[in-house]
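Participant: Each chain, written out:
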Amino acid sequence: MNRQSHRQVKQFLLLFVVILAAFLLFLGVVIGNIISPKQLPSLYTKRTTKAMRGSIITADGFHVAKSQKLYKAVVDTRYIDKEKLDLFIALFSIYADIPEKKVRQRLKKRRGSVVLSYDIPQKEAQYLKQLSRELRRFKVFKSIKNPKTGIYTLRALSVIESGEDRIYPYGDALTPVIGYPHKVEENGYTLSKGVKGLEKRFESELEARKEGVISGQRDVLGYMILNKESYIKEPLDGMDIKLTINLSLQLRLEKMLEKMKKKMGAKEVFLTVMDSSSGRVLALASSNRYLPEHIRRKDYPSLNTSAIEFSFEPGSVIKPITFAILLQNKLVNPYEIVNGHKGRFKIGRKTVTDEHKFTWLSAEDVIVHSSNVGMAQLAQRLDGGTFHEGLLRFGFAHKSTPDLVYEKRGSIPPSIKLENEIYKATTSYGYGMRVNLMQLIRAYSTFNNQGKRVEPYLVEAFIDRGEEIKTQHEEPVRVIDSATATRMQRILIKTVLKGTGKAAITPGLVVGGKTGTAHLVEKGRYVQKYNTSFLGFANDKTHRYTIGVVVRQPQKNHFASQTAVPVFKKAVDIMIRENYLEPDIVKQSR
Amino acid sequence: MMHSADRTLFTLVSILVTSAIVLVYSMSEYIILHDNLKDLHFFLRELTYGCMAVFIMWFLSLQDPDKWIKPLGFGLFFGSLFLMMAMPFFSEPFVHAVGGAKRWIRIAGFSLAPVEFFKIGFVWFLAWSFSRKIKHKPGSTLAEEFIAFLPYGALFGFVMILIAIFQNDLGQVMVLGMTMIVMLTFAGSSVRFFFTVFLAIIAAAIVFIVSKHHRIERIKSWWAVAQDSVLSILPPDMAEKLRVPIDVVPYQIGHSLNAIHHGGVIGTGLADGGFKLGYLSDVHTDFILAGTAEEFGFMGILFIVVVFILLILRLFKIANRSKNKTFSLFVLGIALLIAFSFFLNSYGISGITPIKGIAVPFLSYGGSQIIAASIGIGMVLMISKKVDLT
Numbered sequence: 001m002n003r004q005s006h007r008q009v010k011q012f013l014l015l016f017v018v019i020l021a022a023f024l025l026f027l028g029v030v031i032g033n034i035i036s037p038k039q040l041p042s043l044y045t046k047r048t049t050k051a052m053r054g055s056i057i058t059a060d061g062f063h064v065a066k067s068q069k070l071y072k073a074v075v076d077t078r079y080i081d082k083e084k085l086d087l088f089i090a091l092f093s094i095y096a097d098i099p100e101k102k103v104r105q106r107l108k109k110r111r112g113s114v115v116l117s118y119d120i121p122q123k124e125a126q127y128l129k130q131l132s133r134e135l136r137r138f139k140v141f142k143s144i145k146n147p148k149t150g151i152y153t154l155r156a157l158s159v160i161e162s163g164e165d166r167i168y169p170y171g172d173a174l175t176p177v178i179g180y181p182h183k184v185e186e187n188g189y190t191l192s193k194g195v196k197g198l199e200k201r202f203e204s205e206l207e208a209r210k211e212g213v214i215s216g217q218r219d220v221l222g223y224m225i226l227n228k229e230s231y232i233k234e235p236l237d238g239m240d241i242k243l244t245i246n247l248s249l250q251l252r253l254e255k256m257l258e259k260m261k262k263k264m265g266a267k268e269v270f271l272t273v274m275d276s277s278s279g280r281v282l283a284l285a286s287s288n289r290y291l292p293e294h295i296r297r298k299d300y301p302s303l304n305t306s307a308i309e310f311s312f313e314p315g316s317v318i319k320p321i322t323f324a325i326l327l328q329n330k331l332v333n334p335y336e337i338v339n340g341h342k343g344r345f346k347i348g349r350k351t352v353t354d355e356h357k358f359t360w361l362s363a364e365d366v367i368v369h370s371s372n373v374g375m376a377q378l379a380q381r382l383d384g385g386t387f388h389e390g391l392l393r394f395g396f397a398h399k400s401t402p403d404l405v406y407e408k409r410g411s412i413p414p415s416i417k418l419e420n421e422i423y424k425a426t427t428s429y430g431y432g433m434r435v436n437l438m439q440l441i442r443a444y445s446t447f448n449n450q451g452k453r454v455e456p457y458l459v460e461a462f463i464d465r466g467e468e469i470k471t472q473h474e475e476p477v478r479v480i481d482s483a484t485a486t487r488m489q490r491i492l493i494k495t496v497l498k499g500t501g502k503a504a505i506t507p508g509l510v511v512g513g514k515t516g517t518a519h520l521v522e523k524g525r526y527v528q529k530y531n532t533s534f535l536g537f538a539n540d541k542t543h544r545y546t547i548g549v550v551v552r553q554p555q556k557n558h559f560a561s562q563t564a565v566p567v568f569k570k571a572v573d574i575m576i577r578e579n580y581l582e583p584d585i586v587k588q589s590r
Numbered sequence: 001m002m003h004s005a006d007r008t009l010f011t012l013v014s015i016l017v018t019s020a021i022v023l024v025y026s027m028s029e030y031i032i033l034h035d036n037l038k039d040l041h042f043f044l045r046e047l048t049y050g051c052m053a054v055f056i057m058w059f060l061s062l063q064d065p066d067k068w069i070k071p072l073g074f075g076l077f078f079g080s081l082f083l084m085m086a087m088p089f090f091s092e093p094f095v096h097a098v099g100g101a102k103r104w105i106r107i108a109g110f111s112l113a114p115v116e117f118f119k120i121g122f123v124w125f126l127a128w129s130f131s132r133k134i135k136h137k138p139g140s141t142l143a144e145e146f147i148a149f150l151p152y153g154a155l156f157g158f159v160m161i162l163i164a165i166f167q168n169d170l171g172q173v174m175v176l177g178m179t180m181i182v183m184l185t186f187a188g189s190s191v192r193f194f195f196t197v198f199l200a201i202i203a204a205a206i207v208f209i210v211s212k213h214h215r216i217e218r219i220k221s222w223w224a225v226a227q228d229s230v231l232s233i234l235p236p237d238m239a240e241k242l243r244v245p246i247d248v249v250p251y252q253i254g255h256s257l258n259a260i261h262h263g264g265v266i267g268t269g270l271a272d273g274g275f276k277l278g279y280l281s282d283v284h285t286d287f288i289l290a291g292t293a294e295e296f297g298f299m300g301i302l303f304i305v306v307v308f309i310l311l312i313l314r315l316f317k318i319a320n321r322s323k324n325k326t327f328s329l330f331v332l333g334i335a336l337l338i339a340f341s342f343f344l345n346s347y348g349i350s351g352i353t354p355i356k357g358i359a360v361p362f363l364s365y366g367g368s369q370i371i372a373a374s375i376g377i378g379m380v381l382m383i384s385k386k387v388d389l390t
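Protein chains in written order, with my numbering: chain A, 1 to 590; chain B, 1 to 390.
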């Protein structure tokens, strides 16, 4: 018995030692494995999200230009289980909203990686990502062995950001001011970059800034685990641009211009409405527009913003400017009498003529009735330097607004030339110089703003991550005395009431302005083609607007009073309807 | 005279069961997401099994071994043997098959793996039978010993067919076989006979492995990982000849080793493991040690190994001090079942041997395994009352 028990104890001891050794072997191997260097597969993954281009937003909150992310769906045909191909095609077709036939065709095109669609919008892309997950669960994809490495791989349907698309939800509204982009490919990602208009001018502000990053632990399928270790940085989109332009007003004006263009048989009718005291441009409309998403060859002439890119000989709209320079230099008395020379007056070799012939008229009536003869004579009182300086002070030959690109600054005659009596005469009524509408608007704003010139602007603010950053503007520049401005304002009102601008009369509003008709030059000669214009203002008790209209080559009638003025009048009427102006009817009827 | 049941043993097993509940909670994260299960699906089940296990151990420890052990042991043996024999004749939904192997039977809404209960019953049967039939007789010939062993050999052969072929579960057969021959030696058989049977079993195992393709693949995939360390000690030209091209990616072993390496000494921390997220399949069951190594590092593994060593030591102490030969052999058998299961699993996940799908006793997720093992421990606790452990 004792011997038996002794043997048993020995056996147990021996067995325990063996078992202990076996445990130690396991521990040893574990330690060895921990210590020995080893290339671990990465347990982390990083995903980047492209930032987006900013939107262009009107003052009344409409996103007239915005970006949309596009995705592409890529599948490797080799990984699709042949028996489940039909299922794949049917489901993909439903989720991506692409006809089955098309999907089948694309899959057949070649073996290997196939792009099923390049331009999948965000929502569909989300659905497709879900579909990819489901397909994987249903084992529609099978893994393939690489014959060289022996490693099995599996590629499912992948949905990847392919680029961004610029969309213009309101069609041709606000074109050509808004401009258009072109597509640029950057590492397989399609971007929009501004080519013209606001899209170009504010490229650096609109441009997507920094892509977003999400990184963190991943599981075996590559799904990211969002926990305390994960790092999320939101993409930094481009800034939005908030415009001073109101879409509702703009759209109505655009419609009206289109109609008027047709009615007059003109090449183009365009206008600008600006707040006279601040320089905020409320509307910048043209009859000639295009769809930025589908620009056709016939749209090419419409791609330019005529208000700044079309420089022309302004004609009589310059007369008030010349008159204001005379007044400011105390060289004219509005009530003095000027010889009308019965509509014909010779200066050197040049004969100046008038449409309406006067024998004698008051100096202010030279403006009211747009007498070239009168103006030519009065202008002789200016010396070249003063005249040139005066025109510069009104802003001619200088960029009108910082918010648009490719502006044609035009030109005015140099001081030396303006010493010449013929140049003095022709320049005084707007020939021999080139201006654009925006420059005229800026010059005319002085008459409606106590002699101070304001800088027209289209961008109210930049919106950076929801925060508005107001744009900074040039301080108003004093061009003429307040008294001179008031005097000019009265003359322009009289022009509307009694002279060439009668069609602009609007009861209850203070309306003033000056017509202009200018012969076109073709191959160095004046031809029977005209540009007509009307520059003026419309004020009520609380608002003061400077409005300018240009009609290019009206065919049925070349008088500004019957072309540009009615357009101006319609614009004012629209502004009344849209509550920009409130006519004081009660006062009027008393 | 009766002592109180062994508190140390009870405590050690409870530590393992508690650890299992925490580990299963962390390790089941990925499979829950993958299979769209409720957040606490595995945790709640494991918690239930754990509580049941502790309760069963406590309840059995209160009973009188002279009255309870025998019927319980034979009940387990014959009951589970009957179920295993019947299983091949059932089909879904009465049995649950994985890869053609019917391993689970559904009883009253529960899936049960009869083999887990059979192991306890088998050990009881061997202990009961060996203690009566096998006597230590110095000078007996190998032939005499072989004749004495023959009935057991036949029984084992039958069991092997049931488990290894019908259930395709070679791991369990290996555990049972090794347990049997060690018990045989302790019952009185000679060491010489031990080695004879041992070699025979190895030969049988080789035949068995070669007979099925997937078993060869498993050996290959193991070698693919193990060869680098083994061949590095051989001369280069010889090593090149022995090197097999890696045909199958040793996916499971590879990631198991990655997980162990990633854990390092102190681990990534609870729930922060990375390889448990789908890289390691079955991380809450067969690869729970790899998962533990990742999240708790070498310290975690050391802790578990120490608990197991203490557990085995305690069982050996009870077996050694038990005056009843049958009880002594039974307790030894339970200790061996636990030890061999642990080795088969831990050697597999650390690349020492090919992987065999077998649970880590008490730690791996699974109701049958925990409850069967706790019945075994409960029976030992019963026995411990008759043993002076002081």
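Since the hints were derived computationally from the structure, they do not count as laboratory data.
Please note that a few of the clues may not be correct.
[Stated by the list, open to error] Computed footprint of chain A on chain B, listed as stretches where at least three residues anywhere in the stretch have a Cβ under 8 Å from a Cβ of chain A:
hint	stretch
1	39-48
2	304-311
[To be verified] Straight line, CA to CA, 20 Å or less: simulated EDC-like cross-link-like pairs of lysine to aspartate or glutamate:
hint	chain 1	residue 1	chain 2	residue 2
3	A	K46	B	D35
4	A	K66	A	D219
5	A	K228	B	D35
6	A	K108	A	E124
7	A	K129	B	E217
8	A	K228	B	D272
9	A	K46	A	E234
10	A	K139	A	E185
11	A	K145	B	D272
12	B	K38	A	D60
Keep in mind that this is a model prediction, so the values were computed, not measured.
Think of the CB as a built atom: it goes at the ideal place given N, C-alpha and C, for glycine as much as any other residue.
Participant: A separate judgement is required for each hint: does it hold in the structure or not?
Facilitator: Verification of the supplied hints:
1. Judged by the Cβ-Cβ criterion of 8 Å, the stretch 39-48 of chain B is not covered by chain A as claimed, because only 0 of its residues qualify and three are needed.
2. For a cut-off of 8 Å, the count of residues in the stretch 304-311 of chain B with a CB near a CB of chain A stands at 3, and the three-residue condition holds.
3. For the hint pairing K46 of chain A with D35 of chain B, the CA-to-CA distance comes to about 25 Å; that exceeds 20 Å, so the pair is violated.
4. Taking the CA atoms of K66 of chain A and D219 of chain A, the gap is about 36 Å. The hint is violated against a cut of 20 Å.
5. Between K228 of chain A and D35 of chain B the alpha-carbon distance is near 25 Å, which puts this suggested pair outside the 20 Å criterion.
6. At most 20 Å may separate the alpha-carbon atoms for a hinted pair to count; K108 of chain A and E124 of chain A exceed this at roughly 23 Å.
7. For the hint pairing K129 of chain A with E217 of chain B, the CA-to-CA distance comes to about 36 Å; that exceeds 20 Å, so the pair is violated.
8. Distance hint between K228 of chain A and D272 of chain B is fulfilled; the C-alpha atoms sit about 10 Å from each other, no more than 20 Å.
9. Our distance criterion of 20 Å between C-alpha atoms is met by K46 of chain A and E234 of chain A, whose separation comes to about 13 Å.
10. A distance of roughly 35 Å separates the Cα atoms of K139 of chain A and E185 of chain A; the hinted pair therefore is violated under the 20 Å criterion.
11. Restraint check for K145 of chain A and D272 of chain B: the C-alpha separation of about 32 Å exceeds 20 Å, so the hint is violated.
12. A C-alpha spacing of about 50 Å is found between K38 of chain B and D60 of chain A, which places the hinted pair above 20 Å, so the restraint is violated.
Violated hints for the displayed structure, listed by number in ascending order: 1, 3, 4, 5, 6, 7, 10, 11 and 12.
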